[in-house]
Amino acid sequence: MSDTETADLETFRVEARGWLEANCPPEMRKPATSDADVFWGGRNAKFSSEPQRIWFERMRDKGWTVPDWPKEYGGGGLSAAEHKVLRAEMARIGARPPLSSFGIWMLGPALLKYGNEAQKKEHLPKIAAGEIRWCQGYSEPNAGSDLASLQTRAESDGDDFIITGQKIWTSYANYADWIFCLVRTDPTAKKHDGISFILFDMTSKGVSTKPILLISGYSPFCETFFDNVRVPKAHVVGTINRGWDVAKYLLQHERAMISGMGERGVGRPLGQIAADSVGPDGQGRLDDAMLRGQIACFDVDEAALAACAERAVDLAKAGQAHPAFSSAMKYYGTELNKRRYEILMAAGGVDALEWESERSKQGARPRAWLRTKANSIEGGTSEVMLGIVAKRILDLPGA
Amino acid sequence: MSDTETADLETFRVEARGWLEANCPPEMRKPATSDADVFWGGRNAKFSSEPQRIWFERMRDKGWTVPDWPKEYGGGGLSAAEHKVLRAEMARIGARPPLSSFGIWMLGPALLKYGNEAQKKEHLPKIAAGEIRWCQGYSEPNAGSDLASLQTRAESDGDDFIITGQKIWTSYANYADWIFCLVRTDPTAKKHDGISFILFDMTSKGVSTKPILLISGYSPFCETFFDNVRVPKAHVVGTINRGWDVAKYLLQHERAMISGMGERGVGRPLGQIAADSVGPDGQGRLDDAMLRGQIACFDVDEAALAACAERAVDLAKAGQAHPAFSSAMKYYGTELNKRRYEILMAAGGVDALEWESERSKQGARPRAWLRTKANSIEGGTSEVMLGIVAKRILDLPGA
Amino acid sequence: MALVLTEEQSMLRDSARGLISDKAPVSHLRHLRDSKDPVGFSKEFWHSFAEMGFAGLLVPEEFGGSGLGYVEAGIVMEEIGRTLMPSPFLATSVVAASALNRGGNAAQKSEFLPKIASGSLLATLAIDEGAKHRPLQTSLQAVRAGNGFKLSGAKALVVDGHVADLLIVAARTAGSAGEREGLTLFLVDPKAKGIAIERTIMVDAHNAARIEFANVEVTADSVLGEIDQAAGLLDGVLDIGRGAVASEMVGLSDEVFGRTVEYLKSRKQFGKLIGEFQALQHRAAELYIDIEITRAAVMKALQALDADVAKAASSVAVAKARAGTTATRAVQEGVQMHGGMGMTDQFDIGFFMKRARVCEELFGDANYHTEQLARSRGY
Amino acid sequence: MALVLTEEQSMLRDSARGLISDKAPVSHLRHLRDSKDPVGFSKEFWHSFAEMGFAGLLVPEEFGGSGLGYVEAGIVMEEIGRTLMPSPFLATSVVAASALNRGGNAAQKSEFLPKIASGSLLATLAIDEGAKHRPLQTSLQAVRAGNGFKLSGAKALVVDGHVADLLIVAARTAGSAGEREGLTLFLVDPKAKGIAIERTIMVDAHNAARIEFANVEVTADSVLGEIDQAAGLLDGVLDIGRGAVASEMVGLSDEVFGRTVEYLKSRKQFGKLIGEFQALQHRAAELYIDIEITRAAVMKALQALDADVAKAASSVAVAKARAGTTATRAVQEGVQMHGGMGMTDQFDIGFFMKRARVCEELFGDANYHTEQLARSRGY
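Residue numbers (my numbering), protein chains in the order written: chain A, 1 to 399; chain B, 1001 to 1399; chain C, 2001 to 2379; chain D, 3001 to 3379.
Take the hints with a grain of salt, since some may be wrong.
Said to hold, decoys possible - Distance condition first, Cα-Cα at most 20 angstroms in a straight line; then the derived SDA-like pairs of lysine to any residue: (1) LYS361/A - ARG2199/C; (2) LYS3036/D - SER1360/B; (3) LYS1391/B - GLU2286/C; (4) LYS1391/B - GLU2212/C; (5) LYS1062/B - LYS1126/B; (6) LYS2036/C - LEU213/A; (7) LYS3265/D - ALA3279/D; (8) LYS391/A - ALA3279/D; (9) LYS3272/D - ALA1143/B; (10) LYS391/A - GLY3130/D; (11) LYS84/A - ALA3002/D; (12) LYS1361/B - ALA3279/D; (13) LYS1317/B - GLU2008/C; (14) LYS2268/C - ALA399/A; (15) LYS2268/C - HIS192/A; (16) LYS391/A - GLU3276/D; (17) LYS1391/B - LYS2268/C; (18) LYS2265/C - ASP1395/B; (19) LYS3265/D - ASP1146/B; (20) LYS1391/B - TYR2288/C; (21) LYS1391/B - ARG2267/C; (22) LYS120/A - GLY165/A; (23) LYS3272/D - ALA399/A; (24) LYS1317/B - MET2001/C; (25) LYS1191/B - GLY3271/D; (26) LYS3272/D - ASP1146/B; (27) LYS191/A - LYS2268/C; (28) LYS391/A - ALA3002/D; (29) LYS1391/B - PHE3270/D; (30) LYS2272/C - HIS192/A.
Derived by calculation from the structure, the hints in this document are not laboratory data.
Let the sequences and hints guide you as you build the complete structure.
Here is the structure:
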């Protein structure tokens, strides 16, 4: 980086810091404590508080719901370096994201790469402004890990497709305005061919949804049914029958996102949480030597993973990242998060077994524990991730 | 068991105890401390001590080198129940086996089941009497785990086969008098067919051996070469081209034997050995909390495996054993033994890193540690064992 | 003794399995949960259970029971583990019956054991106070008052605590938390003044309660065993309970494994049955081996208990520790191999994961028992 | 700082790799071992190494060194790990150079650092006395005698102890074993009266010695750093050594993994390349991920050392612990996947297993560092 660039970046940092200090309401400087406290946008969006509204609107007006998207599509137009500075400054004061959105995390990057100009103009600004809430129609009941074997049909009818089939694991489908969806447009082609990536309105005739109850209780997941839904062919992103390319690109974003999930590095350290239940022994160590060992091994691995996540970003910036590395991170991050919750359950003992009491916040810990079991399934199972590493990184035969 | 049988067994126990007390020299009532201290028999056998000779000859004369073989073949003719009593009585006074022999452990059971009368009469008594020392010619350099892909050829020439090829991992081939060997008698058949199980003298023209140096140092293993070795067809055990049946039967005996190897339950407990190096903490626990946890987990698993080994015998006696269960035991037993030695190395620290000093008994511990790494390879790799369990016990498709 | 079931034991297993799988499959638990059943188990079924002699399985014949041993109790627990049937068997028929039988005087035995055998009395041991199982940490106070005692304190996770007719309460009559001396067991009527019982809805939809004691008066007759000297009695009773829970976990592990293997043989992905994938085959084989080894360890512990409860501690520690790690592995592999379906409440597999977690905590988890083994071996 | 190599660092890596792989492949170590070489490394090669600036890599430029940092030292160590080259780099150029540079006075620095940089002086830290790495347990006594001290005691596993020209000896001038206070470092001539050095032939065929000190006289000038206050200096120097050994283990892990993957792609069994077996693919993928995570953790630790040695302890503990478990896994999988061939001395893979074991023990094993992390976090 040249000296000029460095100086410009410093100027930007000072400005951003000043603006954030002046504009981020104090209430928005701590993490959301419940799902209701997260703003997802959309046609029926409601703000849970006035500070939430203010924070969202100010950030939206600056284009900072999507700081690195081009300004013409409602973004902030920041460079990668500026975006990193902004993230650091937001983290400094604990500012929460003003808008949560699958449009931002998933569809946006895919549209930017594969969408035509009309599609970008139509959809990106509404995502940036939180006007339209999106959901993802990928998984199907009989496809599972073998995503590409999807069966939802899109039959050609003049300028339209007529879509019929079923999706599963559609997060927040019951709240979403639009869906980005994989459909089979050529049933005679090989399974990775003949798939198209298409967008449509969830209020279209023939769309219905049904929430899925998980082992952890209520969930954002739905089953989603399409019964002869009519969608213009112009809503296909990229080339017809080449939707798998778009899907793969988007999956990489999803995996990178999931691998960063969980409570890594936030909240109280496990050792302290365990101390609440088991107390210290005569030497001030946790009075459960085996649990203590498990926590210590976890802490070593968690710190190492944090370094690796940092390095993955740096490698990407340096253009040295392997495109499949997100699968490696997804695998390890989700397995580690499951380990974390196993330890939390052991540390919590009897207290962590209550399911419906006030005292247990309606079983917050056991529900979170059970929820983590899906981490290694959703967004590509651990087995699929290992297969990708074996094939694409290690180049093992037949993988 | 009827009351009469129980009473007879008690009588036998009293007699056996009396005979052992009277006949087992005191020196033979403790484990052999070195390989040289083990008596393997054979044409060139030498006794390492007078008590060793006495003990061997007295046991041989009673048929108790092979207590449960028929008397007509040099055995003791004991029933399974009597044999168990004899083993218990020998264990009571710590009497060591009078004769170590692949003839007893492997070939004998196979001959008893598959040999013809002439073969049994010819070979079994010499095994029982320690006159002939046998080695096993199974593995080949290019076969490895895929034992049945062996390439050693036996070409028909009148009443003889002419054998050419190479074996590897032939234990004590350089000391053995005869070999039991798998050879390919029909190169056109499918790989498991066309194999024969054949016996021949290691002094035959064209046989040569070469010891293999292991990562742990000198080893009993050899490479064994056959260059146009002439062997009468009458030396085939079982049917020509059906040798794989004999081989599989024998492998089960070998696996059961290996799974019982290692120092399980003998010698000083790991916790005590570790205490020598790391000492106690303020509460009397090992002053290496993580190592202590590993030892404790090991102890749990070792005790559980001991129960399972006991149960496997009981199941076999009750006729309820799955024939492939020896693969399960082989897998776990060898993996556990490797774990044991990893712990021993960690417990030994710097002292366990010396390789050639008097103090370290010429690196006894690190050599034993390295040697254990072969446990999960020899006699069928851990991967092959898991495959057998998946296929034969769990009946998983395509396993 | 051979580590295989005798013919009589096999018959017991078959009869328990027949009854339980018929009358109380997993859907039975699901129904009790979804209907928010106030009792949490089927009283009607418990009576059939008692009629078949299961409720009094450990009760001596002179008190109307079957007079069987811990191996037999384990056999029933294993079958209970297969369908996750909620029932008073563990708390009443195993733990409380053993406490009364081993610690009770003639009057106490005659009063309570026949009722347990007939299925008319439910009883439970109230021991743990903190988040983790630490029997010697008991600090519920029993202060002498006149001829009797007054109990004050609280108990967490009392199995069946909200339906029990009799509480066996571990209290401290002397010494302080952590000491072996000074523990006493009391037989307490849950309807006594000063007792507050809160049913806790648990993750596994089985029964448990928190119980508070505020100056609860009990007579001197209510002492079970010797005053201040309950530690030894407790050790034995808890080990019996541990053996029983370990058996339940073996049944649970075996069942969830069986269901998983069936799924591997029927679910297709990438054009193959997923059971054809070698990575899953190896993991399934490892899990099978794990379960078989644990099964043997648990059987060994039950036989050791039958031989001499006082000498079974090491075997029991090994069994409970192994059962915990094995069941945890079995349910984790079960959910993972079932994929997204395994995460839905609609599939039964999640019930096994939840119950395994509670069993792991009951009477000490794998960490606790591994630690006990290390201490008993002096390192 | 970004966790990627700079252009200069990449060039350093390439040049180290070129030199080492060319002049000191694994066969170099094999030859030294089989010929029972009395020195245990190639002096000639060490001079080329010094000429290229590697010997004085950490020595400040004013003393004739390259003045580079711990990241750069780690780069060289990683390459050393790839071929298992025995050399004085760790003991002399990393540990001893750091001790002198961080703890030495002007005279000591001027005397020794230039010689280290030129490759003409070999030095080593003598610290461990027992079987395990426990720096505070140092009990070698240094008793005041006149203006100087007399040293008595013994050191185990002194790397390069039989060829060193200078020993940096950790001794106790006050307090007792286990205490931080009272440790002092001394610069000792190994030819001094009262010193007995026994070369120990190690499992990895690298160099080490046991050294006994019997009333060895040293002057007051030989004290490195402050009397009684060496613990802080030692912490830093040991952490630098740990970072270096962790780097060696990353190189070793990566190399053994690379060889194993190549084997998977070339060895056939059951009519397939063994790399086609999914169970092995998944294990290989897991190991790859393990190595990459460890690589990042080690790089993080080296950068932390470069930023501030005194604040790097946690990062270093994480790095050394991870490096130990990863290398252990890598060599175990390496041998197992190579099958019987991996067990033969003829294959190189066993050399990696042996060296990994020694590296694991050097400056504290994974258990030690995991324990340190737990303590530093207060649980």
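Results of checking the hints against the structure:
1. As the CA atoms of LYS361/A and ARG2199/C are separated by approximately 16 angstroms, the hinted pair is consistent with the 20 angstroms bound.
2. For the given pair, LYS3036/D sits about 18 angstroms from SER1360/B by alpha-carbon distance, which is consistent with the 20 angstroms threshold.
3. Straight-line distance between C-alpha atoms of LYS1391/B and GLU2286/C comes to about 13 angstroms, which keeps the hinted pair within the 20 angstroms bound.
4. At most 20 angstroms may separate the alpha-carbon atoms for a hinted pair to count; LYS1391/B and GLU2212/C exceed this at roughly 55 angstroms.
5. For the suggested pair LYS1062/B and LYS1126/B, the alpha carbons sit about 14 angstroms apart, so the restraint of at most 20 angstroms is met.
6. Only pairs whose Cα atoms come within 20 angstroms are accepted, and LYS2036/C paired with LEU213/A is accepted, the gap being roughly 17 angstroms.
7. Between the alpha carbons of LYS3265/D and ALA3279/D the distance comes to roughly 14 angstroms, so the proposed pair stays at or under 20 angstroms and holds.
8. For the proposed pair LYS391/A and ALA3279/D, the alpha carbon gap of about 13 angstroms is at most 20 angstroms, so the pair holds.
9. A hinted pair counts as satisfied when its Cα atoms are at most 20 angstroms apart, and LYS3272/D with ALA1143/B qualifies at roughly 12 angstroms.
10. A C-alpha spacing of about 47 angstroms is found between LYS391/A and GLY3130/D, which places the hinted pair above 20 angstroms, so the restraint is violated.
11. With a CA separation close to 13 angstroms, the supplied pair LYS84/A and ALA3002/D stays within the 20 angstroms bound.
12. In summary, the hint linking LYS1361/B to ALA3279/D is not supported, as the alpha carbons are separated by about 39 angstroms, beyond the 20 angstroms threshold.
13. Under the criterion of a C-alpha separation no larger than 20 angstroms, the hint pairing LYS1317/B with GLU2008/C is consistent with the structure, at around 18 angstroms.
14. At most 20 angstroms may separate the alpha-carbon atoms for a hinted pair to count; LYS2268/C and ALA399/A meet this at roughly 18 angstroms.
15. Taking the CA atoms of LYS2268/C and HIS192/A, the gap is near 17 angstroms; set against the 20 angstroms cutoff, the hint holds.
16. Note on LYS391/A and GLU3276/D: the hinted pairing holds, with a Cα-Cα distance of about 10 angstroms set against a maximum of 20 angstroms.
17. This hinted pair checks out: LYS1391/B and LYS2268/C have alpha carbons roughly 18 angstroms apart, not beyond 20 angstroms.
18. For a cut-off of 20 angstroms, the pair hint linking LYS2265/C to ASP1395/B stands: about 9 angstroms separates their Cα positions.
19. Between the alpha carbons of LYS3265/D and ASP1146/B the distance comes to roughly 16 angstroms, so the proposed pair stays at or under 20 angstroms and holds.
20. Distance check on the hinted pair: LYS1391/B and TYR2288/C sit about 12 angstroms apart at the alpha-carbon level, within 20 angstroms; holds.
21. Pair hint LYS1391/B plus ARG2267/C holds up; C-alpha atoms about 17 angstroms apart against a cutoff of 20 angstroms.
22. A C-alpha spacing of about 27 angstroms is found between LYS120/A and GLY165/A, which places the hinted pair above 20 angstroms, so the restraint is violated.
23. Taking the CA atoms of LYS3272/D and ALA399/A, the gap is near 12 angstroms; set against the 20 angstroms cutoff, the hint holds.
24. In summary, the hint linking LYS1317/B to MET2001/C is supported, as the alpha carbons are separated by about 13 angstroms, within the 20 angstroms threshold.
25. A distance of roughly 11 angstroms separates the Cα atoms of LYS1191/B and GLY3271/D; the hinted pair therefore holds under the 20 angstroms criterion.
26. Straight-line distance between C-alpha atoms of LYS3272/D and ASP1146/B comes to about 10 angstroms, which keeps the hinted pair within the 20 angstroms bound.
27. Between LYS191/A and LYS2268/C, the direct Cα distance comes to roughly 15 angstroms. Compliance with the 20 angstroms bound is thereby established for this hinted pair.
28. With a C-alpha separation of about 28 angstroms, the suggested pair LYS391/A and ALA3002/D falls outside the 20 angstroms cut-off, and the hint is violated.
29. Our distance criterion of 20 angstroms between C-alpha atoms is met by LYS1391/B and PHE3270/D, whose separation comes to about 15 angstroms.
30. As the CA atoms of LYS2272/C and HIS192/A are separated by approximately 16 angstroms, the hinted pair is consistent with the 20 angstroms bound.
Hints 4, 10, 12, 22 and 28 from the earlier list are contradicted by this structure; the remaining hints agree with it.
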